[in-house]
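Student: Could you put the whole structure together from the sequences, leaning on the hints where they help?
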Amino acid sequence: MLQMIVSGVALGAIYGLIALGIVMVFKATGILNFAHGEAAMLSAFVAYTLFKLGLPLWAVVPLTLIFGAALGMAIERFIIRRFIGKALLSSAICTLGLFLVFGDLAIWVWGKDTQELPGIFPSAPIDVGGVIVSGLDLGIVAVCATLAALLFAFFRFTRLGIAMQATMENPTAARLMGIPIKRIYALAWALSHVIAALAGLLIAPLTFVHFSMMQHALHFAFAAAVLGGIGSMPGALLGGVIIGVTSNLTGAYVSSAWKDAVPFIVMLLILILRPHGLLARAQVKKV
Amino acid sequence: MTKVFDQFPWLGPLLFVLLFVLAPLVPGGYVLYIFTLVIIYTLASFGTNILTGYTNLISMAGAVFFGIGAYGSAILTTHFGVPLVLSMFIAAAIATVVGLLLALPVLRLEEVFLAIATLGFVMISVEIAKSGGELSGGENGMGAPGPTLFGWALDERGYHLFAAVVLAGALWVARNLARSHFGRGFLAIKGSDTAARALGLNTTALKLVAFGVCAFYTGLSGALYAPLVRFIDPSLFGIMVSISFVSMVIVGGLGSILGSVLGAVFVIGAPQLLTYLGFDQFQRALYGVAMILALMFLPDGLASLFKRRRLPAADIADSGVAK
Numbered sequence: 001m002l003q004m005i006v007s008g009v010a011l012g013a014i015y016g017l018i019a020l021g022i023v024m025v026f027k028a029t030g031i032l033n034f035a036h037g038e039a040a041m042l043s044a045f046v047a048y049t050l051f052k053l054g055l056p057l058w059a060v061v062p063l064t065l066i067f068g069a070a071l072g073m074a075i076e077r078f079i080i081r082r083f084i085g086k087a088l089l090s091s092a093i094c095t096l097g098l099f100l101v102f103g104d105l106a107i108w109v110w111g112k113d114t115q116e117l118p119g120i121f122p123s124a125p126i127d128v129g130g131v132i133v134s135g136l137d138l139g140i141v142a143v144c145a146t147l148a149a150l151l152f153a154f155f156r157f158t159r160l161g162i163a164m165q166a167t168m169e170n171p172t173a174a175r176l177m178g179i180p181i182k183r184i185y186a187l188a189w190a191l192s193h194v195i196a197a198l199a200g201l202l203i204a205p206l207t208f209v210h211f212s213m214m215q216h217a218l219h220f221a222f223a224a225a226v227l228g229g230i231g232s233m234p235g236a237l238l239g240g241v242i243i244g245v246t247s248n249l250t251g252a253y254v255s256s257a258w259k260d261a262v263p264f265i266v267m268l269l270i271l272i273l274r275p276h277g278l279l280a281r282a283q284v285k286k287v
Numbered sequence: 001m002t003k004v005f006d007q008f009p010w011l012g013p014l015l016f017v018l019l020f021v022l023a024p025l026v027p028g029g030y031v032l033y034i035f036t037l038v039i040i041y042t043l044a045s046f047g048t049n050i051l052t053g054y055t056n057l058i059s060m061a062g063a064v065f066f067g068i069g070a071y072g073s074a075i076l077t078t079h080f081g082v083p084l085v086l087s088m089f090i091a092a093a094i095a096t097v098v099g100l101l102l103a104l105p106v107l108r109l110e111e112v113f114l115a116i117a118t119l120g121f122v123m124i125s126v127e128i129a130k131s132g133g134e135l136s137g138g139e140n141g142m143g144a145p146g147p148t149l150f151g152w153a154l155d156e157r158g159y160h161l162f163a164a165v166v167l168a169g170a171l172w173v174a175r176n177l178a179r180s181h182f183g184r185g186f187l188a189i190k191g192s193d194t195a196a197r198a199l200g201l202n203t204t205a206l207k208l209v210a211f212g213v214c215a216f217y218t219g220l221s222g223a224l225y226a227p228l229v230r231f232i233d234p235s236l237f238g239i240m241v242s243i244s245f246v247s248m249v250i251v252g253g254l255g256s257i258l259g260s261v262l263g264a265v266f267v268i269g270a271p272q273l274l275t276y277l278g279f280d281q282f283q284r285a286l287y288g289v290a291m292i293l294a295l296m297f298l299p300d301g302l303a304s305l306f307k308r309r310r311l312p313a314a315d316i317a318d319s320g321v322a323k
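Residue numbers (the UniProt record's numbering), protein chains in the order written: chain A, 1 to 287; chain B, 1 to 323.
Don't take every hint at face value.
Unchecked claim - Here are the simulated PhoX-like pairs of lysine-lysine, each with C-alpha atoms no more than 20 Å apart in a straight line:
#, chain 1, residue 1, chain 2, residue 2
1, A, K259, B, K130
2, A, K86, B, K130
3, A, K182, A, K27
4, A, K182, A, K86
5, A, K112, A, K52
6, A, K27, A, K112
Unchecked claim - Using C-beta positions, here's what the derived DEER-type ranges look like:
#, chain 1, residue 1, chain 2, residue 2, range
7, A, L2, B, T148, 58 to 64 Å
8, A, G178, B, Q281, 46 to 52 Å
9, A, H216, B, G146, 33 to 39 Å
10, A, T172, B, T204, 29 to 35 Å
11, A, V128, B, T204, 47 to 53 Å
12, A, V109, B, A195, 49 to 55 Å
13, A, A142, B, Y30, 54 to 60 Å
14, B, A195, A, R156, 46 to 52 Å
15, B, L100, A, G135, 47 to 53 Å
16, B, Q281, A, S256, 32 to 38 Å
17, A, R175, B, L135, 35 to 41 Å
18, A, G178, B, E139, 58 to 64 Å
19, B, G238, A, A145, 45 to 51 Å
Simulated from the structure, these hints should not be mistaken for lab results.
We put the beta carbon where it would ideally sit given N, CA and C, even for glycine.
Tutor: Set out below in structure tokens:
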């Protein structure tokens, strides 16, 4: 049971990371990005290619993250910029178009075969106080915790982080205060895709590298983002953990067929009780 | 264009019906199949448009109703010997009831929350369809009998005409509904939920009606789909179907009947055209690019190609058929 929970937390942490990226661009630019998982998939493929070229791990990871940042900025610059401030639905459908493009692009470049990316962490089991945990799970949780701490510090203590928060709260006021909000938008997309690339690297040893590797995780990430309250970044991580643990426990104790549905039932129940998600502040509705 | 339709209210429907009725004259069974598919998707597109275009509620549950319609009509005709037309309406009625039941708990949710919550329904309903026993064939799916009408077996052309007639009826109902006090209520909610409530409108009831109508249309569309494809399984009613319904409405034009039709033509036609032109390998990518370009350059949908530019003030009156 405890082991199931630990591996659920690890899986959930990845969902949480993807959800975090979704929440970040949603908060900053008001866009629901359905192509987010596919961006993570592309990053995983880039990492795979770099490995194949014989680069060592310490070079592959930063290069992949840089690729993520570049991808995020390019998407923002060439497509998303036109949709900021427009209706939620048209931008969402636009990112769906992007989702289709990325899928075909991956098949075109890397083919439909399943590839293996050597794990960043050893998968050997480690005994932690009587609970046998795989090194991979432990590594994933450690990375997520570190990232969460770094992000917290970034938003709390750096000028850039505070400027970004101000833009997320009120873009007009932020612009009047002299914050270059267009650059902040680009930064939000870049940062969100760096996190996506990280999620891709972490999930690759679990799912293998494949053009459809992120589709399953993306559904869960959306559930996690909404569960946490789509305006809250800690909420995204918390939502991810709830979804991951629920899914794992359902798979182990109820039926593996219901593993995908039960997390959504839990999400629905929580939304009925808290329509704005777990950690979001209720906003006063403007007429 | 809109003005012409206002002066001759029958022209629009007549045009579409003519277009769809004349389609069987085109040689080639596959072309006809595509045209019939467009009709079926147009029906679902109307449903989605009434919910999303008029009321601004974003629902991703389309695949659920589409699936209930398809399974409903297939099960009723196969296992219970119910005639096709009757089975279609029973299936659509079941979809409506399910739609109302699903809508009740989630109506309080807004935008993204509603979209993702309704996406959850699809995840759950696919599992239910998979775990169905002998009745639905579970994961393996089930055959659906070919269409018969009053004891007569319909051939491809016959079924196409039948679908066109159903569509014309649905179009007429949708148009009148949009002009009724329901339609005005939907538009009020679209403008502002809070303001509509302040005006004394029962927004909860109105939203329920919109959900019910959407579920009925989408259910009916699914019920027409099963006899066309002759074989259904749970994989046909996944999230991509819901997404295609929503994208039809967005790409075609929110709150516009013409937009619904154009959206269905785009969503069904564009991938077919790309395959036909030999872009098989990049079909999804090019379709995605087309979607992005359409949204970039025609933010009000393909329907706006047929409208003259107007003052912004005319937008609200123009966004619906309601006058």
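Student: Hints first: check each against the structure and report whether it holds.
Tutor: To see whether the hints hold, each was checked on the structure:
Using a Cα cut-off of 20 Å, the hinted pair A/K259 and B/K130 holds, with the two alpha carbons roughly 13 Å apart. For the given pair, A/K86 sits about 39 Å from B/K130 by alpha-carbon distance, which is inconsistent with the 20 Å threshold. Using a Cα cut-off of 20 Å, the hinted pair A/K182 and A/K27 holds, with the two alpha carbons roughly 14 Å apart. At most 20 Å may separate the alpha-carbon atoms for a hinted pair to count; A/K182 and A/K86 meet this at roughly 15 Å.
Taking the CA atoms of A/K112 and A/K52, the gap is near 17 Å; set against the 20 Å cutoff, the hint holds. For the suggested pair A/K27 and A/K112, the alpha carbons sit about 34 Å apart, so the restraint of at most 20 Å is broken. Roughly 59 Å separates the CB atoms of A/L2 and B/T148, a value that falls within the hinted 58 to 64 Å. Restraint check, A/G178 to B/Q281: a C-beta distance of roughly 49 Å satisfies the suggested window 46 to 52 Å.
Here the CB-CB span from A/H216 to B/G146 is close to 36 Å, well matched to the stated 33 to 39 Å. As the Cβ distance of A/T172 to B/T204 is approximately 33 Å, the hint placing it in 29 to 35 Å holds. Checking the proposed 47 to 53 Å range against A/V128 and B/T204 shows it holds: the Cβ atoms sit about 51 Å from each other. Restraint check, A/V109 to B/A195: a C-beta distance of roughly 50 Å satisfies the suggested window 49 to 55 Å.
A C-beta distance of roughly 56 Å is found between A/A142 and B/Y30, which places it inside the suggested range of 54 to 60 Å. At roughly 38 Å, the beta carbons of B/A195 and A/R156 sit outside the given window of 46 to 52 Å. For the hinted restraint 47 to 53 Å between B/L100 and A/G135, the CB-CB distance of approximately 50 Å keeps it satisfied. Between B/Q281 and A/S256 the CB atoms are about 35 Å apart, so this pair conforms to the stated range of 32 to 38 Å.
Restraint check, A/R175 to B/L135: a C-beta distance of roughly 60 Å breaks the suggested window 35 to 41 Å. Distance hint for A/G178 and B/E139: a CB-CB separation of about 59 Å, consistent with the stated range 58 to 64 Å. For the hinted restraint 45 to 51 Å between B/G238 and A/A145, the CB-CB distance of approximately 35 Å leaves it violated.
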